[in-house]
Amino acid sequence: MLERVKSTEGFMIEQMLCCIPARAGSKRLPGKNLMPLAGKPMIAYSIETALTSGLFDNVYVCTEDPTIAEVARRYGASVPILMPPDLCGDLVPSHIPCQHMAEFLGNIAQRKEILVCLQPTSPLRSVEDLRRSVERFLHGDLDFLVSVTRIDPHYFHWAIVPNDDNYWRLYFGDKYMQERPMLPPVYRPNGSIKIARLDKLKEIGHFFGSRLGVVETPEERSIHVATQLDFNLCEFLLRR
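Here our numbering is used: the sequence shown runs in plain steps of one and ends on residue 279.
Any given hint could be a false lead.
Unchecked claim - Straight-line distance between alpha carbons at most 20 Å, and here's what the computed EDC-like set of lysine to aspartate or glutamate pairs gives:
| id | residue 1 | residue 2 |
| --- | --- | --- |
| 1 | K151 | D238 |
| 2 | K151 | E242 |
| 3 | K241 | E152 |
| 4 | K79 | D269 |
| 5 | K241 | E142 |
Stated by the list, open to error - What follows is a set of in silico ranges between Cβ atoms, one per label pair, in the way DEER data are often shown:
| id | residue 1 | residue 2 | range |
| --- | --- | --- | --- |
| 6 | E242 | R279 | 40 to 46 Å |
| 7 | P223 | I147 | 43 to 49 Å |
| 8 | H178 | M216 | 35 to 41 Å |
| 9 | A77 | R150 | 34 to 40 Å |
| 10 | N205 | E174 | 49 to 55 Å |
| 11 | K241 | K79 | 32 to 38 Å |
| 12 | G145 | P224 | 38 to 44 Å |
To be clear, the hints were calculated from the coordinates, so they are not data collected in a lab.
Since the model is a prediction, treat every value here as computed from it, not as a measurement.
All C-beta atoms, glycine included, are put in the ideal place defined by N, C-alpha and C.
Make the full structure from the sequences, and use the hints.
Laid out in structure tokens, this is it:
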């Protein structure tokens, strides 16, 4: 395990809340958070990365499911409460159960100021990715930070969409009809790491407010498991 961090730029680790939102339901890949991935439940990778980073006094899992809670505790996470089912639906943003956990902890005199949200569906993030993200957030005078991955600019700038008349058009017009080296770089949020000041997150309701920073992570550590193909690719990368 890496050396435990006591503070970063005067900000004590006790003020940071690390949450892993892990609901039981998934329509495309049922039970994915507990699926065995290279010998461990998928959720275990996010728990172990957070614990190994030495950045947090506890790592909390937000779930409505007793089985997920039991597995999370086995791998060292804290699950002091089960989430109300209405906070774990398909359309509920990931920060909502995390905010509920923050409110619960605040009521027992464990007030947190910064949320670090780790999706269990990003099992390949590294300890270094996480540490770089927290350091960038605290050193950068930021309110929000998300991890991103660079994408081929053609995929973005040359996007096409259907018109109402059954024809198609360039979404951004012909402004970017240039060769690849001439196009500006484009990045996509990969969902692996999201950080926010809790008061700002509560105010705007998402992670993309002003004073937003990013940390770039490579494609091979930025896979978001939404389908069986994603899962199989993660397993291949872990076993190679």
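Of the hints stated earlier, which fail here? Every hint satisfied by this model.
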